[in-house]
Amino acid sequence: EMNMHFCQDELARSEGYFIANADNQYIAPTNGAPLRGLIQDHIVTAIHLTKRDCFFSRSDFQQLIYTACSEAVGFKTRPLFTPIPCILKPMPLWSGKQVISTILRELTRNLPPISFSGKSKVPEKYWGEGTGEGPFHIRDNEFVWGVLEKNQFGNSTFGLVHAIYELYGADFAGRFLTALSRMLTYYLQTKRGFTCSVEDLILVDSAEKARRDLLDVADGAGEKVGKDFSLCQDEEEPLPTIDDPARLKQLMRDRLLRDDKQSGKLDGQMRKVSHQYTSDVIACCLPDGQRTTFPVNNLSLMTVSGAKGSTVNFSQISCL
1 EMNMHFCQDE LARSEGYFIA NADNQYIAPT NGAPLRGLIQ DHIVTAIHLT KRDCFFSRSD
61 FQQLIYTACS EAVGFKTRPL FTPIPCILKP MPLWSGKQVI STILRELTRN LPPISFSGKS
121 KVPEKYWGEG TGEGPFHIRD NEFVWGVLEK NQFGNSTFGL VHAIYELYGA DFAGRFLTAL
181 SRMLTYYLQT KRGFTCSVED LILVDSAEKA RRDLLDVADG AGEKVGKDFS LCQDEEEPLP
241 TIDDPARLKQ LMRDRLLRDD KQSGKLDGQM RKVSHQYTSD VIACCLPDGQ RTTFPVNNLS
301 LMTVSGAKGS TVNFSQISCL
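If you count the sequence shown from 1, position 162 lands on 162 in the UniProt record's numbering, and the numbers rise without skipping.
Treat the hints with caution; some may be incorrect.
Stated by the list, open to error - Derived DSS-like pairs (lysine-lysine); straight-line CA-CA distance at most 25 Å:
#: 1; residue 1: K227; residue 2: K119
#: 2; residue 1: K51; residue 2: K125
#: 3; residue 1: K249; residue 2: K261
#: 4; residue 1: K249; residue 2: K227
#: 5; residue 1: K51; residue 2: K119
#: 6; residue 1: K89; residue 2: K119
#: 7; residue 1: K308; residue 2: K119
#: 8; residue 1: K191; residue 2: K209
#: 9; residue 1: K249; residue 2: K224
#: 10; residue 1: K227; residue 2: K265
#: 11; residue 1: K227; residue 2: K272
#: 12; residue 1: K51; residue 2: K191
#: 13; residue 1: K209; residue 2: K125
#: 14; residue 1: K89; residue 2: K51
#: 15; residue 1: K191; residue 2: K308
#: 16; residue 1: K249; residue 2: K265
#: 17; residue 1: K191; residue 2: K224
#: 18; residue 1: K227; residue 2: K261
#: 19; residue 1: K308; residue 2: K125
#: 20; residue 1: K89; residue 2: K191
#: 21; residue 1: K121; residue 2: K308
#: 22; residue 1: K51; residue 2: K308
#: 23; residue 1: K261; residue 2: K272
#: 24; residue 1: K261; residue 2: K209
#: 25; residue 1: K272; residue 2: K224
Said to hold, decoys possible - Derived DEER-like restraints, expressed as beta-carbon distance ranges:
#: 26; residue 1: H275; residue 2: R212; range: 17 to 23 Å
#: 27; residue 1: S263; residue 2: L35; range: 40 to 46 Å
#: 28; residue 1: D171; residue 2: P29; range: 42 to 48 Å
#: 29; residue 1: Y17; residue 2: L88; range: 45 to 51 Å
#: 30; residue 1: F81; residue 2: E208; range: 48 to 54 Å
#: 31; residue 1: S70; residue 2: S197; range: 33 to 39 Å
#: 32; residue 1: D171; residue 2: L80; range: 53 to 59 Å
#: 33; residue 1: H275; residue 2: S197; range: 28 to 34 Å
#: 34; residue 1: L35; residue 2: S70; range: 34 to 40 Å
#: 35; residue 1: N3; residue 2: T157; range: 28 to 34 Å
The set of hints was computed from the structure by calculation and includes no laboratory data. Glycine is no exception: its CB is placed at the ideal position from the N, C-alpha and C atoms.
Model the full assembly from the supplied sequences, consistent with the hints where possible.
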């Protein structure tokens, strides 16, 4: 079923053009936080496009710029600028960062350029020391540092799109989002693709051994919590020590059935003990213990970047 509502008079048409249109609804009326942004596939594609080892030939570079700017920015009738390639020999190559710089330059043609610095959602430790992919910097429309990701074009406060909205207005922010959406969709469909596999979940042998050892210790700590609970060790008159598992199981069942609040108490004690072991297991496995490392590991890229899921989901699959 599809419902369509037509404007009934010129006043309603005016409201549609200038108030209800999506560009003018970029920020929330309550707190001024952004409402619009790109999600999921666009996020992982933008990271692949703008990381340091992504380069394009002249034809591929110009195709990306044309895809982004021909309709979205509205420059059908004028030539698009091609910058000097960042690599000259053995063949001219343009970087993914230059793609974003060119889109910004075309978007703000005849206007003052933008300079912007922001924080990245992906922690710098995932890229490695000294890679320079942690912070995000643009200077006079030149994308010089970092990767383009969720914090810059998602519905995040103080990102790149938010800055464009504040500096140039709602129309320019909408054009930039449209340009990115068209270009990233084209790049994902024709050049990149995205999928997750079992290989993304496997750990190296040393990390797997450390994980197993920590979980064995955690099992012992959990058994002790259950035993202390069964013997009422947290009460004034605890029961004498009992080592028979069947007897301990019966005592725990009796205590849980006697009082509904006891299950919550047992759960709290167990979580208090297991929390540190859980943190230690995740720390030894992610990100250094993965056989396929970030950003080649697509499951890690998807969760760490905020495209879909979270690090908790990844750790539950791969670590716990």
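Which of the stated hints cannot be reconciled with the structure, identified by number in ascending sequence?
Per hint list: 1, 6, 8, 17, 24, 28, 32, 34 violated.
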